[in-house]
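One letter stands for each residue in the lines below.
Protein chains: 2
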Amino acid sequence: MSLIVQKYGGTSVGSVERIQHVADRVIGYRRQGHDVVVVVSAMSGETDRLLGLAREIRPDADGRELDVLLSTGEQVTIALLAMALESKGCPARSFTGAQVHIRTDSAHNKARIQEIDGARVRRDLADGRVVVVAGFQGVDEMGNITTLGRGGSDTTAVALAAALNADECQIFTDVDGVYTTDPRVVPNARRLERITFEEMLEMASLGSKVLQIRAVEFAGKYNVPLRVLSSFEEGGEGTLITLEEGDMEQALISGIAFNQNEAQLTVEGVPDQPGVAHRILGAVADANIEVDMIVQNVGADATTDFTFTVHRNDFDKAMRIVGERARELGAREVKGDPRIVKISIVGVGMRSHAGIASRMFSALAAEGINIRMISTSEIKISVVVDEKYLELGVRALHDAFGLEHAPQEAS
Amino acid sequence: MSLIVQKYGGTSVGSVERIQHVADRVIGYRRQGHDVVVVVSAMSGETDRLLGLAREIRPDADGRELDVLLSTGEQVTIALLAMALESKGCPARSFTGAQVHIRTDSAHNKARIQEIDGARVRRDLADGRVVVVAGFQGVDEMGNITTLGRGGSDTTAVALAAALNADECQIFTDVDGVYTTDPRVVPNARRLERITFEEMLEMASLGSKVLQIRAVEFAGKYNVPLRVLSSFEEGGEGTLITLEEGDMEQALISGIAFNQNEAQLTVEGVPDQPGVAHRILGAVADANIEVDMIVQNVGADATTDFTFTVHRNDFDKAMRIVGERARELGAREVKGDPRIVKISIVGVGMRSHAGIASRMFSALAAEGINIRMISTSEIKISVVVDEKYLELGVRALHDAFGLEHAPQEAS
Chain A
1 MSLIVQKYGG TSVGSVERIQ HVADRVIGYR RQGHDVVVVV SAMSGETDRL LGLAREIRPD
61 ADGRELDVLL STGEQVTIAL LAMALESKGC PARSFTGAQV HIRTDSAHNK ARIQEIDGAR
121 VRRDLADGRV VVVAGFQGVD EMGNITTLGR GGSDTTAVAL AAALNADECQ IFTDVDGVYT
181 TDPRVVPNAR RLERITFEEM LEMASLGSKV LQIRAVEFAG KYNVPLRVLS SFEEGGEGTL
241 ITLEEGDMEQ ALISGIAFNQ NEAQLTVEGV PDQPGVAHRI LGAVADANIE VDMIVQNVGA
301 DATTDFTFTV HRNDFDKAMR IVGERARELG AREVKGDPRI VKISIVGVGM RSHAGIASRM
361 FSALAAEGIN IRMISTSEIK ISVVVDEKYL ELGVRALHDA FGLEHAPQEA S
Chain B
412 MSLIVQKYGG TSVGSVERIQ HVADRVIGYR RQGHDVVVVV SAMSGETDRL LGLAREIRPD
472 ADGRELDVLL STGEQVTIAL LAMALESKGC PARSFTGAQV HIRTDSAHNK ARIQEIDGAR
532 VRRDLADGRV VVVAGFQGVD EMGNITTLGR GGSDTTAVAL AAALNADECQ IFTDVDGVYT
592 TDPRVVPNAR RLERITFEEM LEMASLGSKV LQIRAVEFAG KYNVPLRVLS SFEEGGEGTL
652 ITLEEGDMEQ ALISGIAFNQ NEAQLTVEGV PDQPGVAHRI LGAVADANIE VDMIVQNVGA
712 DATTDFTFTV HRNDFDKAMR IVGERARELG AREVKGDPRI VKISIVGVGM RSHAGIASRM
772 FSALAAEGIN IRMISTSEIK ISVVVDEKYL ELGVRALHDA FGLEHAPQEA S
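Just so you know, the sequences run in chain order A and B. Okay, so the first sequence: first residue is 1 according to the working numbering, each after it adds one. Okay, so the second sequence: first residue is 412 according to the working numbering, each after it adds one.
It is worth saying that the hints were derived from the structure and are not from the lab. C-beta atoms are modelled at their ideal positions from N, C-alpha and C, and glycine is treated no differently. There may be inaccurate statements among the hints.
Short derived list, chain A residues pointing at chain B, Cβ under 8 Å [stated by the list, open to error]:
| hint | residue |
| --- | --- |
| 1 | 78 |
| 2 | 80 |
| 3 | 143 |
Covered stretches of chain A (in silico footprint by chain B; criterion: 3 or more residues with CB under 8 Å from a CB of chain B, positions within the stretch not fixed) [unchecked claim]:
| hint | segment |
| --- | --- |
| 4 | 44–56 |
| 5 | 275–287 |
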């Protein structure tokens, strides 16, 4: 007998009928002898409905009260799912984030989980119940309700799996696994059977949208095997995300991620002094804006150019903040472009193989795509290009690395 | 400066526009120098929407999970009202029942408040905030969410007022006060300026629907001055409910209450032995059915007839339970009638005046209305009559006691 934590997203619980269907699936796993903890999101559309009410009252609604409001979405789902399970003869009990002590920091609307007390959940599992937990929400030290930000239910599931030492954390979603790239862009994209946490982290952070990045971080940190599955198709294997193992399929590149929601800011002619990067990015971070890529080039004189990317929604705010700082620092100019995209190739295989970067750049050059920024890590290479080259670039790279075919035996 | 606890019901917060209006009123009281705690219900229609979802899953939905579901209704309202106050420049903070430790017993769907810890509320009041609390809900010793049953928001408001030692508890509703009887039945019914807790208790318990009975009990027990006001008309005085004072207006009868939702059960030919009443009513009480009137007549032989009334919704269930018990006890027969109503005259003045009962019975007799049951207390006399006589009976009594005119000086 094993312990499984399952997470069903908003679409999977989008109607009473679908909630009944989720209850049937959960009961199926129980019949196989598993203990099951279920984490659910708000019914699809509910979060937007609540946000709509809030925006009617104050267009810039945020902070503490927004969390009090939005957290009701998941609370409705946990109650309905627990009722559905009970009505089918399966003992169940629902819990809000506060009730299972999902302790977070106090950063409303984007809180981070700090601690979970699994005792209450374990007690109910031991009593033979399915435990249904509200995703996306927690409670801070003062007892204020917090939310983890959109997609936070994945993080709740993984954090619970880690706290309970679960055997597997299963994320049910509207896709049947992780693909080599977005099938809407590349029709012959292929579902991966396995992928490492590190690769998934790069895929997720770069916009694969299947899993929330923090969930993968958590899973990697606590080594929780994570499986992405379709909530609509039965019997699929999905994609298993685990630690790298010797006998894993050894592709050079596992997948191609891209991010359409980036915007680029460049501060030109910054005096090249210690602490400059911190003074620019510190102000951005203080405004709770996340920075993605950072590239710095030394200029011809005693100044430097400093470029970074942020989420496109934060572009205007970031331009304002950076504009102020640039004046203080005596920088020459701040330029911005919200019409860029980032494309990345990801794979643990590239660690041991030279020439991956040049194969990538030549494939893009062959299509006449100009590269604006480059950034690399151990297992990924990212380029920023004009928005209009997104599809062309992704397809060219998918072909160049032969991703439509399953990899051969480990080389 | 005084501390006021205000309660706004579902209709008063039924839309974003109305919530804005409530915020304006609250701010008006603040400008007069009062500290304000606001208790709100779910937006009108929301509780029914949630119940509808629950019933789609299980038609007999009740218990723990229903409370988890329904409590989201008030949680939405507190967040929206706090946002509305803040957007108008008034510092505010919302709290669920659990967050302000409204400790109840564990009787889901009809829990009773046992204790309130006012510390958190006092702290925020001291910081200059309006405190917005979700009505209708609490939390039991184990941390499970409970609800107080429909209308429970009134009780929350009064209990909070008592815990905070507030100067007045104001219940905003869709009527502008307590009337001598239902104006839909008697068009010249008159608004009362004052009424005692005891009278209000009898009026409420007998179906006046303006206030929840437990709220009045609480208010009386802790001597919290309670005022019923219209949430739509500004400037009204409403009706103040207080302890009896020497100089209060001394009507013989303050009002006429009636209850259309009663059903009558009679167990005929019960062996006249000690413990019989307990064995019948104990089983009914164990099924959480509330019993209202109880009348027992000794029969001709060694048996007795035992009659009581319950809420009409509980009639079928009560008939089943009482049927079983009656067989065990060797009773002759169980008869039931769900088509009865109860009419009561209420007034502290009747304590010191004889002849009230006979004036009541003669007024009914003059209209040819047959009385099926009679029950009396210190300050009320109730009769059960056929449903069809409801309007006729109430009007006859309103006339007989001259209730359309304000009372003269104390006699």
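Outcome of the hint check:
For residue 78(A), the shortest C-beta to C-beta distance to chain B is roughly 6 Å, which falls under 8 Å, so the interface hint holds. For the restraint placing residue 80(A) at the interface with chain B, the shortest Cβ-Cβ distance is roughly 6 Å, inside the 8 Å limit, so the hint holds. At about 6 Å, the closest approach between the beta carbon of residue 143(A) and any beta carbon in chain B falls short of 8 Å, and the interface hint on this residue holds. A count of 4 residues in the segment 44–56 of chain A with a Cβ less than 8 Å from any Cβ of chain B is obtained; the coverage claim is therefore met, three being the minimum.
Here the segment 275–287 of chain A counts 0 residues with a CB under 8 Å from a CB of chain B, which misses the bar of 3, and the coverage is violated.
Hint 5 from the list above is the single one not met by this structure.
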